[in-house]
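*Asks:* Sequence:
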Amino acid sequence: MMSREEMFGEDGGNGTAGRAAEPGESVGAASANGRPPRGRLVVRLDPNRLWRWHLWLLAEIDATGRYHVAVDLSPAGPPLPTGLRLLLDLERLVFRLRGEQAAEPLAAAAIRHAVPLARASDPSDLVLDLSGSATEAGGAVLRPLFDGAASENVLLERVMEPALLTVTIDGSARAEVARPEIAGRPVLTERLNNAFCTLLGLCLRALRDGPAPEPGGTAPSLRALGNSELAAFAARAAQAKVARWLTKITRDAPRWRVGSRRARSEDLLARTLKLPADGYHLLPDDGRRFYADPFLLHAEGTTYVYVEEFPFDTQKGIISVGTLDEAGRISRLRPVLEEAHHLSYPHIVEHDGAAWMIPESCNSGQICLYRAVRLPDIWEKVAVLVDGLDASDATLHQQDGTWWMFAAIRERQGSRNDTLRLFTAPDLRGPWTPAPREPALVDATSARPAGNLFRMDGKLWRPAQDCSRSYGGALSLCTVDRLSAEAYGQTRVTTIEPRAPLPGLGLHTLNFGHGCEVIDVVM
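Take the sequence shown: its letter number 61 is residue 58 in this note's numbering, and every next letter is one higher.
Worth flagging that the hints you see were computed from the coordinates, not collected in a lab.
Source: prediction; values computed, not measured.
For each residue, glycine too, the CB sits at the ideal point set by N, CA and C.
Careful, some of the hints might be misleading.
[Claimed, not checked] Simulated restraints, written as ranges between beta carbons of each label pair:
1) 105 to 455: 30 to 36 Å
2) 172 to 275: 31 to 37 Å
3) 75 to 262: 34 to 40 Å
4) 372 to 453: 52 to 58 Å
5) 372 to 489: 34 to 40 Å
6) 433 to 93: 35 to 41 Å
7) 136 to 273: 24 to 30 Å
8) 489 to 262: 21 to 27 Å
9) 284 to 423: 45 to 51 Å
10) 262 to 488: 21 to 27 Å
11) 424 to 512: 29 to 35 Å
12) 262 to 328: 23 to 29 Å
13) 96 to 33: 42 to 48 Å
14) 491 to 520: 17 to 23 Å
Start from the sequences and build out the full structure, keeping to the hints where you can.
*Replies:* Written out as structure tokens, the structure is:
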């Protein structure tokens, strides 16, 4: 389940930037420390459209030590609409956006101070063209494309609609496609932050992997944005902010509900790929809390259901447990695990004759492992599996003697709802290390975990959240086509939206086993 900041839009964000080093050593010879010589990289920017994320990108490129970086500020297209700048400034005040923002317009002086300007006479090994210009340069060129077009206006149009945006790097040896989350927040700055931070990561990985043998080029689309579109977006954002505020203060607002049922294997949602006609038994609540993220554990003839319980008074999730009866109904719940920080998504693992839990604790910056001292209600923390990471919904899977962890992560000012990272370990307790090809996936339709992986008809399946229109808006079922240290591949087979007999506004967890099936839905 989402954190408190995700629910109510209260997180800010801070970026980092630094001054890139001036060229200092010979490019044609190895450096004194034995590293490969630096290449010459020119980053082409439009001086009329400079953003804070450009400065962050230049600093991160320099930190890799792979390139001497110079910046070309000669391309000059149409400036940002005045209304856009005013809207971004207004959002900082109204929505209390703290610190530096990726989507913060900059003056050209900030770039010139950080990185030397490129000279026409200087050769370059590679050009990273972020200007949206159709101008070509000698040598290899990397250029971001937004739905196939080079113009940044396409990105701006998509984030205001909002619509699913596809971002690629033309000319890169790594054919990576990213679909960042846009619709999850009503604030334009936060939508742009996520899109720009996704683009920043794509650029870094493209530079790491190098250009394709035959880089291509695409002419930009130059449709200008109008102030009427910006005004319409501002009105929608204000309306959505009011709706969030009402959701926060009222107990009658839509909330997550847990559904349960007894089900035969052939009737499972995962097999039929549609909601059952006979529906689910909804776990009742008293209106002062919601329940979400159900997971199952069967022990000594009893089937337990662990859920996130979120009391509105405390605004902090805890883990609670109930039992499932023969009719498929969940008994009265009782709390079993509480920390100083928010807990949710109580992922359960049975291993070596014991029960283990990895609840989401992204607010603590850790992924922690708990062991059941006494089922179902006494749990002790036994290990920190991953430290210093903003990660959500960690889900474990063991295959061929290797443990895999799937987790939604938030990098820079990006989103937890579109970026999937994999970790591996020889043992449940670790040590856990990131898979070398990271992130595994950037896709708002099917990145964030939504329950246990399972095998069916000889294939490995993974439930995932579809956050392309809203957080937890629908449930995607994906087959895992490749799972290795070198690559991850999946196919989204279907997306299941809440509808009759279980109408709602979202659906984002699925688990089953021992003749039981549990889901959650926002109603």
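*Asks:* So, for every hint listed, does it hold in this structure?
*Replies:* Structure-based check of all given hints:
| no. | hint | verdict |
| --- | --- | --- |
| 1 | 105 to 455: 30 to 36 Å | violated (58 Å) |
| 2 | 172 to 275: 31 to 37 Å | violated (44 Å) |
| 3 | 75 to 262: 34 to 40 Å | violated (59 Å) |
| 4 | 372 to 453: 52 to 58 Å | violated (28 Å) |
| 5 | 372 to 489: 34 to 40 Å | holds (36 Å) |
| 6 | 433 to 93: 35 to 41 Å | holds (39 Å) |
| 7 | 136 to 273: 24 to 30 Å | violated (58 Å) |
| 8 | 489 to 262: 21 to 27 Å | holds (23 Å) |
| 9 | 284 to 423: 45 to 51 Å | holds (47 Å) |
| 10 | 262 to 488: 21 to 27 Å | holds (22 Å) |
| 11 | 424 to 512: 29 to 35 Å | holds (31 Å) |
| 12 | 262 to 328: 23 to 29 Å | holds (24 Å) |
| 13 | 96 to 33: 42 to 48 Å | violated (36 Å) |
| 14 | 491 to 520: 17 to 23 Å | holds (22 Å) |
In the structure shown, a violation is registered for the earlier hints numbered 1, 2, 3, 4, 7, 13, in ascending order.
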